[in-house]
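Undergrad: Dock chain B against the given chain A, drawing on the hints supplied.
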Amino acid sequence: MKRLLLVLFAINLVFLLAGCQNKKESPKEKTVVVYVSEDQVFSEPILRAFYEETGIKVKAVYDTEEAKSTGVMNRLISERSNPRADVYWANEPIRAEVLRLKGILTPYNSPNAKTIPQEFKDPDGYWTGFSARARVLIVNKKEMERPQSIMDFLEPKWRGKAVIANPLFGTTTSHIAALFIVLGEKGARDFLKGLKENQVAISTSNGESADFVAKGEYAFSLVDSDDAISRMKKGFPVEMIYPDQKDKGLGCFIVPNAVMLIKGAPHPEEGKRLIDYLLSKEVEKRLAFSDCEQIPLHKGVEIPQNIVPIENLKVMKVDYKLVAKKMMEIQPLLKKWMGL
Amino acid sequence: MRSREEWQLLGNSLFLGLTVSFLATLMGSFTGIVLFKCDIPFKVPLALSLFVPIFLPPYIPAISWMDIIGANWIDNQWAGFLGSVLCLLNIYFPVPLGISMLFLASVNPRYEEAARLIYPQREVIKRITIPLVMPGFLLSFFLVFVLSVGNFNVPSLFRLKVYPVESFTVFSAFYDFERAIALSIPLVIIILMLFIPLSLFLLKKSCIPLSLGFKNVSKGLDLGRFKWPIFTFLLLLSFVFCILPLGNIVFDSLSLDAYRLAFSRGGDAIMRSLFYSFFSASIMAFFGFLIAYAKDFKIFPHLSVIDAILLFLFSLPGNCLALGLIDLWNREYTGMVYGSFMIIVLGFISRYAIFSSTIIYLWLSLIPKVLDEAARVFGVRVIKRILFIQVPLSKMGILASWMISFIFCFRDTDLVMPLYPPGLEPVTVRTFTLMANGRSDMIAALCTMTMVVPLLFFVLIYQAFRVRRP
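Line by line, the protein sequences give chains A and B.
Going by numbering that gives the first Met the number 0, the first sequence opens with residue 0, and the numbers climb by one from there.
Going by numbering that gives the first Met the number 0, the second sequence opens with residue 0, and the numbers climb by one from there.
If you're looking for bench data, these hints aren't it; they were derived computationally from the structure.
Worth double-checking, as some hints may not be accurate.
Stated by the list, open to error - Chain B residues, not near chain A, derived (Cβ > 12 Å throughout):
{"hint": "1", "residue": "Leu-47"}
{"hint": "2", "residue": "Tyr-110"}
{"hint": "3", "residue": "Val-239"}
{"hint": "4", "residue": "Phe-250"}
{"hint": "5", "residue": "Phe-296"}
{"hint": "6", "residue": "Leu-322"}
{"hint": "7", "residue": "Ile-382"}
{"hint": "8", "residue": "Met-450"}
Unchecked claim - Covered stretches of chain A (chain B as the covering partner; in silico rule of three or more C-beta atoms under 8 Å from a C-beta of chain B):
{"hint": "9", "region": "36-42"}
{"hint": "10", "region": "72-85"}
A virtual CB, placed ideally from N, CA and C, is assigned to each residue, including glycine.
Chain A with its partners taken away, still in its complex shape (with noise of 0.2 Å):
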C-alpha cells in the first residue's frame, strides 16, 4: 500500500512540476490572448506565423461553429467585468455586433483596414472584416438539375430534398437575419413557412448539411464556402454555387472574418499588434491559398483561380448591424419555428 501511495505520488509531483512549467509568463515576455472563432485548422498556423514574426506570443482558446461558439462568445460575455482576452476573430461579423451592443468591445481603427471596403466594417471601428466566406449552395453532382437560388428551397421539385442547418446557431441564424432585412418582415416569414411545407430537413451544422449532401442522402443545401470546398477537396461529388447571381437576384450573403478589441484587455498593445497584422493582405493571402479558400476584401490580394474575387459576385446588399439587431430580434421566432 505505501509503495502504491508513493507512486502515485510521484506521478502526481511528475505531473505538477510538467504543468507548471513554462506557465509563468516572464515579464519581459509579450504576449496576447486571443479568442478564434474561426476553425483551429486555418487560425492556428496564422497566428503562429504572426509569433515568428512579431515574437509576440499567442495564447488562444479555440471554439467552433460545431459547438455553436458558446465557447468563447459565452466565455466573453462571462468575463465581461474582468477581461482575459485582448482580441476576438471571430468568424462572422454579426456576433461581433451583439458584443459591441453588450459592451464588451472597444474601438481601434487599425491602418491596414483603410483599403477594407466600408460595408465590411463597423464604421466606429469597434470591428473589421477579412477574409470572408460565401453562403453558398452545395448540389450532389448526381442531380441532373442544379438549384441557382435560395429560393429553388421552395420549388416543389425538391420537395424533401433538401438540408438546411438549425437557423438557431452559426452563419445560418445570420443568414436568415440578412433575408429579414431584404425579403422584408411577410417575405421572410414565406420564406421559412415554405421551407417547412417543402420539407426542407434541418441538420444540426453548416457541416452536418454537406456531409449529407456529399454522402448523397440529400440533393443540396446551403452552407458556408468552406463547408462545400473542405468537401470538394476531399473527393465528393459535390460543387458549389453561388446563388442568386442573376440581375435580378438577391446576390450571395458574404461572411467577413472579423477580429475586435476586448474592452479592458489586459495586453492592449499586442492586440491592436495582432489586429493590425490579421488585417494585412498577407493574411488575406494566405486563407484564400489555404483549404477554406477565402474570399480577401483588399483589392489586389493575389488569390487562387478558382476563387472568384469579391468585386466579381453578386453581394448581397445588408448592413451587418441591422443584421445582428435583427437576429436578436427573431431568435424566438425561430425557436418556435423549429418546434422548440
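TA: Okay, now just chain B, sitting in the frame of chain A:
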C-alpha cells in the same frame, strides 16, 4: 413548468434516462457477472473491447452512430429516441459493467463457499452473489440515469427534444445563462428525489461485510449448454458497442503519417489531459475518503448536505457549471487560479466529486465497525485507525472511485470547453476544434490515441499496484 412543451421535455428526458439506465444496468450487470464468474473464453479482450467506449468523449461515438444510421430518419422523433438510446447505451454500458465487477470482487468468498455446500453454483449466484452486489446494481442504475438525462451531445445529434438540448439552445442562441440554469432545475430535483431513497437503501445494506483480505477468486462457473450462446451474445455486444462505432475510426487512422501529425497537433494536449485527470482524481479520492469517513462515523452532523450539493453540481449542464465557475473565480484576487490549470481541476472536482464521496462511502459502510471500535478501545489514534484499518480495507473502493473520476475527467468536453485557460486545452477540446475541417485520418488517429493512452496509463498503474502482492 408553465407550458405543454416543458412537460414534453421532462417526459422525454425521463423516458430516455430510465430506458437507458434500465437497459445498461441489466446488460452491464449480466455481462459483469458472466465475465467475472463464468468460464467464458477470451474474457480479457472481450472486457477491454466493452470498456473502450467509456474513454471517449460522448460526441465521438455519437458521430460514428450518425454515420452508420444515416440521415433518413432525420424528422422522426421515435427514430431519434431509439438512436439516442442505442448511442447512450454504447457510451454508458461500461459503468454498470465496471461497478458490477468491482462489487463482485468485494464479495466475501466464504458466503459463497458455504452456500455451495448446499446449492449448485448457479443457485449460489442467484441466492447469494446477486443479493450481495445489489447495491452496486442500484448505484449503476442511478449513475447511468444521471449521466443519460444530463447528456446533451447525443439527443442533440439525434434531434430528440430533451431538457439539456433546450438548456443548451437557450444558453448558446440567446446567451441567457439564468434561464439555462432554470431549465436544468426540474431534472436536478428529480435526481435528488431519486438519490434520497437510494442512499437509505444502501445504508440498510451496510451490514454486509466485505471480503476483508480474502481474494474472491472464481473457479469459473460452468455455463453448460448456455456457454456458447452467451459467448455469442458477448461477441455481438462487443461488435455493436466497440467494433461497429469505433472500428471505422481505428481503420481511418492506419497510417504513420496520421499518427505523426496527430502527435504533433495533439500530443501536448494528451499529456495535459492525463495530468488534469490524474491530479483531479487524486484530490477527489483524498477528500472523498475524508468526507465518506466523516459520514460513516458520523463525526459531523448533516454531512449529507455535502452529497446534495455535489449531486446538484453533477446534475447541472457542464457549460452552465463552467460559467458559474468563471463568475466565481474570474476576479482580481483569484486571477491566478482562473488563469491556470487549477480552474480545470476545480471544475472537475465540482462536477465529479460525487463519484468519490459516494463510492468510497458505500465501501466504508460495508466494513464492519467492530474493527475500528476495537482499535479505539485499545487507544489507537484516529489517524492510525484510518491509515491502518480503513484505508487498507477500502483501497479497492478508493481505487475504483479514482479510476471512475479519472475517466470522466479525461473525457469531459462540455465543462472544459468554456473554461480552459488560453493555450492549455485538454485533448477532448483539441480534437473537437480540429474536427472542423481537419484531416480525417489525423482526427481518427487522435481519437485512437485518446482511447489507448489512458488504457496504457491504467495498465502501468495496475502493474505498480501488483508489484507488492505476495
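Undergrad: When the structure is checked against the list of hints, which entries are broken? Sort them ascending.
TA: 6
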